[in-house]
Amino acid sequence: MKLYQGGRGLAGAVVTVDGKPLDPRYDLKRLSATGFEWTYAGAGPAQLALALLADHLGDDARALSLYDRFMRAVVADLDNSWELTSAEIDGALRTIGG
Amino acid sequence: MMTPRQAAFRADYRPRISPWYSGLAHVLVIAVLGVATIWYCASNVVAPRWTDWLIVPAAFIGCNIFEWAIHRFVMHRPVKGLMGIYKRHTLAHHQFFTDHEVSFDNARDFRITFFPPYALSLFICMSAAGAYILGLIWSANAAWLLVCTTAGIYLNYEFFHWGCHVKDDRIIRHIPLMNTIRRHHIAHHNQAIMMSTNMNLTYPMADWLFGTTDLDRGLLGHIFNGYDTRFVKRNLKQVRNSAADSRLAQA
Numbered sequence: 002m003k004l005y006q007g008g009r010g011l012a013g014a015v016v017t018v019d020g021k022p023l024d025p026r027y028d029l030k031r032l033s034a035t036g037f038e039w040t041y042a043g044a045g046p047a048q049l050a051l052a053l054l055a056d057h058l059g060d061d062a063r064a065l066s067l068y069d070r071f072m073r074a075v076v077a078d079l080d081n082s083w084e085l086t087s088a089e090i091d092g093a094l095r096t097i098g099g
Numbered sequence: 223m224m225t226p227r228q229a230a231f232r233a234d235y236r237p238r239i240s241p242w243y244s245g246l247a248h249v250l251v252i253a254v255l256g257v258a259t260i261w262y263c264a265s266n267v268v269a270p271r272w273t274d275w276l277i278v279p280a281a282f283i284g285c286n287i288f289e290w291a292i293h294r295f296v297m298h299r300p301v302k303g304l305m306g307i308y309k310r311h312t313l314a315h316h317q318f319f320t321d322h323e324v325s326f327d328n329a330r331d332f333r334i335t336f337f338p339p340y341a342l343s344l345f346i347c348m349s350a351a352g353a354y355i356l357g358l359i360w361s362a363n364a365a366w367l368l369v370c371t372t373a374g375i376y377l378n379y380e381f382f383h384w385g386c387h388v389k390d391d392r393i394i395r396h397i398p399l400m401n402t403i404r405r406h407h408i409a410h411h412n413q414a415i416m417m418s419t420n421m422n423l424t425y426p427m428a429d430w431l432f433g434t435t436d437l438d439r440g441l442l443g444h445i446f447n448g449y450d451t452r453f454v455k456r457n458l459k460q461v462r463n464s465a466a467d468s469r470l471a472q473a
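Heads up: the protein sequence lines correspond to chains H and F, in order. Read left to right, the first sequence gives residues 2 to 99 (my numbering). Read left to right, the second sequence gives residues 223 to 473 (my numbering).
Treat each hint with caution, since some may be false.
[As the list claims (entries may be wrong)] Heads up, simulated PhoX-like pairs for lysine-lysine below, C-alpha to C-alpha not over 25 Å straight-line:
hint, chain 1, residue 1, chain 2, residue 2
1, H, K21, H, K3
2, H, K3, H, K30
3, F, K309, F, K459
4, H, K21, F, K309
5, H, K30, F, K459
[Said to hold, decoys possible] Selected chain F positions facing chain H (Cβ under 8 Å, derived; list incomplete):
hint, residue
6, H248
7, R299
8, P300
9, A314
10, V461
[As the list claims (entries may be wrong)] Which stretches of chain H does chain F cover? Using the computed rule of at least three CB atoms under 8 Å from a CB of chain F, they are:
hint, segment
11, 6 to 13
12, 46 to 57
13, 84 to 93
Calculated from the structure, these hints are not laboratory results. Given the structure is predicted, the values throughout are model-derived calculations rather than measurements. Glycine is no exception: its CB is placed at the ideal position from the N, C-alpha and C atoms.
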């Protein structure tokens with residue numbers, strides 16, 4: 002069970018997985034030139050959705066096919082400071098039909 | 223009541239303010255620069271025609287939309303080349319001030335309340351560029367009036383914003399327009415809606431026009447709403463997966 006955490010602060014909009022920085026996975030798709038963001042639908046949240054799914058699923062093709070729906074269903078509603086577990090991501094994927 | 227996370231942010235931020243910083247000097251520089259600009263431009267207006275004065279309401283409306291757009295698309299969005307504005311606003315101002323505790327404690331907190339003085343210089347330069355073109359195609363009086371109006375609105379912005387974050391509202395709560403923007407802006411500091419709602423900081427006209435307001439009422443109702451909460455929308459954005467408040471996201 003992994004724990005993903007994000008928060009805004011002087012260091013930026015920082016996202017970690019089990020305490021380590023989350024890879025934005027620009028190698029898969031560069032959706033945002035400025036890193037992660039959340040609480041709205043847009044480029045930064047899309048990059049975060051892709052990174053979360055790629056790390057959680059371990060399946061790049063599936064992450065690419067689901068990130069937009071996941072961004073709108075989950076990332077766009079994340080709080081200023083948030084936590085997501087692997088189980089919660091699985092639950093959200095079931096809801097969006099992933 | 224302030225959350226532990228907000229308290230931790232304030233404790234982390236305040237020691238970073240230079241010991242040489244003076245909140246009073248910060249405000250004085252902005253006020254002197256703004257008033258001097260208005261005085262100089264007004265002194266150059268000579269026998270204006272009534273048509274020259276039309277630039278004042280036009281600039282007022284334009285500035286209201288500009289203020290909304292900068293806040294909506296630059297201060298709350300990471301945009302390459304303009305990241306400093308986003309960092310100063312979303313990543314600092316909105317972590318220091320939330321709807322749980324929206325007030326500054328003393329004049330040193332002005333560092334994170336007011337724009338840096340160079341922002342006014344930049345806006346005056348932008349306005350002067352527009353005025354130069356206006357002077358060519360319309361009249362010199364309209365050009366001077368344009369800069370007068372934009373500088374005045376900037377001072378209006380900073381004064382109203384101070385009124386949103388000052389602790390004691392015994393007087394402000396009874397001042398029309400100022401009480402409206404205080405409620406409007408404190409609601410904006412709710413971190414669930416800060417990225418997209420209540421983006422005006424003077425008069426909530428553009429928020430009404432573009433549907434980014436937390437109120438469900440007409441334009442005049444928006445402008446003179448005051449502290450009234452009867453018209454606050456019931457379906458405002460809710461957030462999920464909130465982290466424990468004691469965790470501070472920092473390097």
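These are the hints, each one checked on the structure:
1. H/K21 - H/K3: holds, 11 Å
2. H/K3 - H/K30: holds, 23 Å
3. F/K309 - F/K459: holds, 23 Å
4. H/K21 - F/K309: holds, 22 Å
5. H/K30 - F/K459: Outside the cut-off at roughly 29 Å; violated.
6. H248: violated, 20 Å
7. R299: holds, 7 Å
8. P300: Holds: closest Cβ of chain H sits about 4 Å from F/P300, inside 8 Å.
9. A314: holds, 6 Å
10. V461: holds, 4 Å
11. 6 to 13: Our answer is that it holds, as 8 residues pass the Cβ test (under 8 Å) against chain F, meeting three.
12. 46 to 57: Three-residue rule not met by the segment 46 to 57 of chain H, so violated; n is 0.
13. 84 to 93: holds (count 3)
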